[in-house]
Amino acid sequence: MHTFIIRFTLDCILLSLFVIIPAALKRLLRSRLSGQMQYNLWVLLLPVLFVPFLPGHPAKTLLSFLTQKLALTKRGSAPAASLSSQTSATQTSETFGRIKDFAMPVNVRESVFPLLLFLIWTIGMAVTAAFLFFSLIRLGRLKKSARILEDGQIFWLLHNCLDNLGIKRRIPIYLAPGLKSPVITGLFCPAIFIPAGLCHTYTPQEIRHMLLHELQHYRRKDAWINHLANIVRILYWFHPAVRYWLKELRLAQEIACDTAVLALLGTDGCKDYGCTLIRFAKERSLSPSPLWNSIGGNMRQMRERILNIAEFHPLSRPQKFFQYTVLLLTAAFLFFLSPVLSAGEEIRNIAADFSGSDTYRFDHSGKDITYSDLSSCFGTYEGSFVLYNASDNTWTIYNEEAARIRTAPASTYKIYDALLGLDEGIITPADSLLSWDKTAYPFPEWEADQNLDSAMKNSVNWYFQRIDAQAGNSRIRTFLKSIAYGNQTAGSNKTEDRPAQYWIDGTLKISPLEQVILLERLFNGKLPAAPSSVDAVKEALCLQKDESGSLYGKTGTVKMNSQEVSGWFVGYTEIEQTPYFFATNIQGQTGAAGSRAYEITRAVLDTLLTD
1 MHTFIIRFTL
11 DCILLSLFVI
21 IPAALKRLLR
31 SRLSGQMQYN
41 LWVLLLPVLF
51 VPFLPGHPAK
61 TLLSFLTQKL
71 ALTKRGSAPA
81 ASLSSQTSAT
91 QTSETFGRIK
101 DFAMPVNVRE
111 SVFPLLLFLI
121 WTIGMAVTAA
131 FLFFSLIRLG
141 RLKKSARILE
151 DGQIFWLLHN
161 CLDNLGIKRR
171 IPIYLAPGLK
181 SPVITGLFCP
191 AIFIPAGLCH
201 TYTPQEIRHM
211 LLHELQHYRR
221 KDAWINHLAN
231 IVRILYWFHP
241 AVRYWLKELR
251 LAQEIACDTA
261 VLALLGTDGC
271 KDYGCTLIRF
281 AKERSLSPSP
291 LWNSIGGNMR
301 QMRERILNIA
311 EFHPLSRPQK
321 FFQYTVLLLT
331 AAFLFFLSPV
341 LSAGEEIRNI
351 AADFSGSDTY
361 RFDHSGKDIT
371 YSDLSSCFGT
381 YEGSFVLYNA
391 SDNTWTIYNE
401 EAARIRTAPA
411 STYKIYDALL
421 GLDEGIITPA
431 DSLLSWDKTA
441 YPFPEWEADQ
451 NLDSAMKNSV
461 NWYFQRIDAQ
471 AGNSRIRTFL
481 KSIAYGNQTA
491 GSNKTEDRPA
501 QYWIDGTLKI
511 SPLEQVILLE
521 RLFNGKLPAA
531 PSSVDAVKEA
541 LCLQKDESGS
551 LYGKTGTVKM
561 NSQEVSGWFV
571 GYTEIEQTPY
581 FFATNIQGQT
591 GAAGSRAYEI
601 TRAVLDTLLT
611 D
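Following the numbering used here, the numbering of the sequence shown begins with 1 at its first residue and continues without gaps.
Honestly, the hints are just simulated from the structure, not real lab data.
Be aware that a few hints might be false.
[Claimed, not checked] With a straight-line cut-off of 20 Å between C-alpha atoms, the simulated SDA-like cross-links for lysine to any residue are:
no.	residue 1	residue 2
1	271	311
2	221	162
3	367	401
4	481	530
5	545	454
6	180	138
7	168	180
8	180	221
9	367	337
[To be verified] Using C-beta positions, here's what the derived DEER-type ranges look like:
no.	residue 1	residue 2	range
10	364	525	20 to 30 Å
11	204	325	52 to 62 Å
12	167	320	16 to 26 Å
13	152	178	39 to 49 Å
14	368	263	54 to 64 Å
As the structure is a computational prediction, the values presented were derived from the model and not from experiment.
Where a beta carbon is used, it is the ideal one built from N, C-alpha and C, also for glycine.
Could you put together the complete structure from these sequences and hints?
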């Protein structure tokens with residue numbers, strides 16, 4: 001919820017910029033855009049306003065598909081069988097003994113501010129929905145008090161208008177006491193309601209103008225737009241730019257109907273239709289309702305509509321071509337720009353470049369990338385998988401968007417923490433034993449003296465915390481920068497005496513893509529560390545090694561408030577002397593543990609590394 005509120009707040013800021021687009025086009029091109037086209041430009045924003053609430057976006061899917069088709073090349077020939085399938089019969093209990101979760105919970109107190117914003121937003125939605133509900137009750141009372149029209153002349157006018165507009169449905173017309181202006185309402189059962197005294201006050205021609213206007217709303221399916229706009233009204237009750245959009249949409253809707261009526265009447269009928277509208281403006285001005293459409297309106301709307309009538313002229317073919325070109329270009333622009341709203345992705349990417357956090361900027365240039373759908377392996381978990389084949393320099397990625405997001409590395413960071421301890425001489429390959437200080441821990445495996453192999457196998461926090469304590473926070477930060485580890489953050493100077501939780505509590509973050517890049521650098525001796533230190537870390541990571549191949553890796557689990565919310569398994573496998581580097585991260589409300597990430601990884605490797 002906290003993440004959604006933060007994203008939604010950012011999206012609301014961006015939406016103000018989106019509203020400027022049709023407003024600017026209307027102002028710049030008003031003399032060249034018909035009333036109908038101005039309305040179409042405002043309607044284009046309607047689907048954009050729902051983007052922040054969507055799990056995905058069609059533009060993202062399209063771009064991802066095109067990227068795969070253009071950048072995808074076939075992988076080199078895969079080994080005859082995977083490590084998992086070749087060794088399943090000889091899998092030892094020792095291997096599975098290493099895959100055990102040793103996660104200590106981190107109690108996190110989330111900021112109350114996002115929760116407060118969420119409550120205010122929810123209350124505002126409830127109040128706005130209540131307002132619409134009471135409007136619906138008023139509409140129901142209006143329908144109950146109305147009676148079917150029995151005036152033969154108006155009934156004939158209605159049928160004549162239906163025929164002129166090519167509407168086959170027979171729409172009923174009612175007399176409603178207390179109503180100021182004719183209205184049309186109803187999504188599935190539309191009906192027209194007119195004031196009781198209208199028959200005696202207005203001429204048949206004026207009544208025909210009114211009926212043509214209301215029937216244009218039905219013909220153009222404006223009721224559907226109005227209902228969607230009411231949902232937007234509820235969701236964005238607080239947003240001034242959206243409220244402005246709602247007002248302009250309603251005004252443009254009426255102007256578009258006026259334009260459609262004028263096109264039917266021709267230039268000769270413009271003056272008479274304008275006179276009808278002016279008479280309504282003088283005698284029956286009213287505020288628009290969110291539940292119906294009416295020929296009437298407030299004085300501002302009437303001024304705009306009368307001005308549109310005065311400027312009306314039939315469109316030539318070049319003018320129509322220009323208008324549709326503007327519409328299509330605007331639609332394409334909004335379509336491909338709107339994905340930034342669904343997660344504020346591009347803005348966060350730009351921010352990541354400056355802050356060194358949140359999202360990794362993966363350079364695709366010169367890379368042979370295959371995008372694989374591995375959702376069946378991940379089941380109900382959100383997550384990502386990255387595999388790098390060093391022999392032919394190819395990548396296989398599942399869910400690249402998630403693979404670029406940095407998150408707490410949990411115990412997978414201990415790979416490099418061990419390298420730091422070895423490089424600093426706190427431990428050595430020959431003597432890595434550290435004594436247990438008799439502190440009680442929730443895992444019996446931790447309550448003993450530990451060397452690098454046992455500490456890595458049992459993911460012993462205190463072992464690596466002691467390395468950190470001796471190295472110091474300043475040296476840790478220098479080390480993180482030297483190997484380019486994620487966001488390279490290990491806490492502030494205020495925590496100089498206790499940098500122990502930075503790899504769990506979200507201070508230090510890394511993406512799955514960066515995990516793979518670092519593992520390849522570790523394997524090939526590209527990190528600033530002694531070869532003996534690198535070899536010692538590799539040996540501690542070994543989970544399985546036989547004549548068919550080897551598997552090296554480390555799990556990690558982020559346990560927030562006693563719930564396993566993020567699980568890692570990173571490492572590499574060697575099959576027929578070909579190294580494959582991988583990283584799997586899963587996310588969930590609970591049960592997203594490192595051991596589960598390990599199981600998913602084995603299933604994925606079976607899928608990818610088998611003919």
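The hints, checked one at a time:
| no. | hint | in the structure |
| --- | --- | --- |
| 1 | 271 <-> 311 | 11 Å, holds |
| 2 | 221 <-> 162 | 15 Å, holds |
| 3 | 367 <-> 401 | 17 Å, holds |
| 4 | 481 <-> 530 | 17 Å, holds |
| 5 | 545 <-> 454 | 17 Å, holds |
| 6 | 180 <-> 138 | 14 Å, holds |
| 7 | 168 <-> 180 | 28 Å, violated |
| 8 | 180 <-> 221 | 23 Å, violated |
| 9 | 367 <-> 337 | 26 Å, violated |
| 10 | 364 <-> 525: 20 to 30 Å | 26 Å, holds |
| 11 | 204 <-> 325: 52 to 62 Å | 41 Å, violated |
| 12 | 167 <-> 320: 16 to 26 Å | 24 Å, holds |
| 13 | 152 <-> 178: 39 to 49 Å | 24 Å, violated |
| 14 | 368 <-> 263: 54 to 64 Å | 57 Å, holds |
This entry does not satisfy hints 7, 8, 9, 11, 13, going by the numbered hints stated previously.
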